[in-house]
Amino acid sequence: MGTDSSALIMRNNNILLILFSALLIPWLTLAGPNWLTLSKVSPNWGILWLLPFSLKYGRTSGILGGFFIGILLDSFSLGDVTHIPAFMLLGFWWGGFDKAILFIRKSFNTFTLAFLGSLLFGVSFAVQFQLIDLQNADILLKSWILQTLLSQAILTSLLAPIISSWLLFFWRR
Amino acid sequence: MFPFGRSAFRWNKSRDIWLWIIIIAFFGLVRWSKGTIFADSYAFISRPFWPGPTQKDWIFNGVNLENQSRIELLEEDNKRLRKMLSIQDKSKKNLISAAVIFRPSTGWWHQMELGKGSLNGVSVGNAVIGPGGLLGRVNSVTPTTSRVRLLTSPGSKIGVWVPRIKRHGILMGKGSSRPILSFIDKKIDVIPGDVISTSPASTLLPPNLPIGVIQKIDKKSIPVPFATVQLIVAPEAIDWVQIQVR
Chain A
519 MGTDSSALIM
529 RNNNILLILF
539 SALLIPWLTL
549 AGPNWLTLSK
559 VSPNWGILWL
569 LPFSLKYGRT
579 SGILGGFFIG
589 ILLDSFSLGD
599 VTHIPAFMLL
609 GFWWGGFDKA
619 ILFIRKSFNT
629 FTLAFLGSLL
639 FGVSFAVQFQ
649 LIDLQNADIL
659 LKSWILQTLL
669 SQAILTSLLA
679 PIISSWLLFF
689 WRR
Chain B
1123 MFPFGRSAFR
1133 WNKSRDIWLW
1143 IIIIAFFGLV
1153 RWSKGTIFAD
1163 SYAFISRPFW
1173 PGPTQKDWIF
1183 NGVNLENQSR
1193 IELLEEDNKR
1203 LRKMLSIQDK
1213 SKKNLISAAV
1223 IFRPSTGWWH
1233 QMELGKGSLN
1243 GVSVGNAVIG
1253 PGGLLGRVNS
1263 VTPTTSRVRL
1273 LTSPGSKIGV
1283 WVPRIKRHGI
1293 LMGKGSSRPI
1303 LSFIDKKIDV
1313 IPGDVISTSP
1323 ASTLLPPNLP
1333 IGVIQKIDKK
1343 SIPVPFATVQ
1353 LIVAPEAIDW
1363 VQIQVR
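Protein chains in written order, with the working numbering: chain A, 519 to 691; chain B, 1123 to 1368.
Derived by calculation from the structure, the hints in this document are not laboratory data.
Hints may be right or wrong, so weigh each one.
What the hints assert, rightly or not - Taking lysine-lysine pairs in the BS3-like style, the calculated list, with each CA pair at most 27 Å apart, reads:
hint, chain 1, residue 1, chain 2, residue 2
1, B, Lys1338, A, Lys660
2, B, Lys1288, A, Lys660
3, A, Lys660, B, Lys1342
4, B, Lys1288, B, Lys1341
5, B, Lys1341, B, Lys1309
6, B, Lys1342, B, Lys1308
7, A, Lys558, B, Lys1342
8, B, Lys1341, B, Lys1308
9, A, Lys558, B, Lys1156
10, B, Lys1341, A, Lys558
11, A, Lys660, A, Lys558
12, B, Lys1309, B, Lys1156
13, A, Lys558, B, Lys1308
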């Protein structure tokens, strides 16, 4: 009985922690410090949250987590393109890995996953921009697209080993 | 699966159904309200850190420069308006100033969040003006904030006027700092240095408001020629703007 109730409390606490950390994403997006930018491009906070979440809870949760984070971040954009498909795809992909990949000793794995994920996210945006502007045939090669894509991927992947490992550790407690 | 995780959790009947209903309802509400809860609470908390009055004075000084550049346009426009009594005079200003509280003007989004919203009379479609000219239009509003689509934003399209040749064009944001001006006529004689402004007969935007200067022209473009425009206002350098409310 005691074990059951303590497990239930732990479970509820963990759910609250995960929801709380997810709700911090819009705040970080709005109030992200200027010094934490590369070429004035901020890191992708959604990816930094979704990576440990998908690795910990698996594919189905990863897809759902990506969907909800996409909805959350879509409400802060102009509405032409959506975050949802890229985040759901990343949730599906990362959910298939073993969570042990996030151990600090394997931080290069986290770096690589976040870098590739951020690139995929950027390509998804670029493709959507291309679809809404078919007149402009070479939008994928525009310098601002490449600059944003690379800056965000580098910055996100550099932060991922610290933040994602920390989040995973925090959720485990 | 969360909350019935890989190893930690299991699906737990009605309690979890209610949890999911609450989660879905919350996220749906956030999306439907365009982030009102977060935007308004962020505006409330960050209010002490908004740019100070010095920036505001600087903006007002900049308006003098804007007025100088408008005189020539207005004089010419007045002559035409005298002949066209049916056109209403829309130059009466109803401006409110607003602080820029969030500006991801680089990266994927070319937008701004302003510290004034529907409670201050701001509504969707209002023109947002910086020192020297038009910045963009209000895309959405919450009670205390408003979101602006900058002219540089992909998807931004407004009708503009080239006063020297008296021709209309469409200014389209492409994500870079210089939007593209596309012309309706195939044969145009614009030259680099021509000023572009809002249309003298515009009802959606303030008439004769300077926007930018033509920098480069591609007359061989198919199906219509286009020009690259350097905007007068630099969004990344502005902490205060003015919103023209209707």
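Quick rundown of the hints versus the structure:
{"no.": "1", "hint": "B/Lys1338 - A/Lys660", "result": "holds, 17 Å"}
{"no.": "2", "hint": "B/Lys1288 - A/Lys660", "result": "violated, 32 Å"}
{"no.": "3", "hint": "A/Lys660 - B/Lys1342", "result": "holds, 20 Å"}
{"no.": "4", "hint": "B/Lys1288 - B/Lys1341", "result": "holds, 18 Å"}
{"no.": "5", "hint": "B/Lys1341 - B/Lys1309", "result": "holds, 8 Å"}
{"no.": "6", "hint": "B/Lys1342 - B/Lys1308", "result": "holds, 10 Å"}
{"no.": "7", "hint": "A/Lys558 - B/Lys1342", "result": "violated, 35 Å"}
{"no.": "8", "hint": "B/Lys1341 - B/Lys1308", "result": "holds, 9 Å"}
{"no.": "9", "hint": "A/Lys558 - B/Lys1156", "result": "holds, 24 Å"}
{"no.": "10", "hint": "B/Lys1341 - A/Lys558", "result": "violated, 34 Å"}
{"no.": "11", "hint": "A/Lys660 - A/Lys558", "result": "holds, 17 Å"}
{"no.": "12", "hint": "B/Lys1309 - B/Lys1156", "result": "violated, 43 Å"}
{"no.": "13", "hint": "A/Lys558 - B/Lys1308", "result": "violated, 38 Å"}
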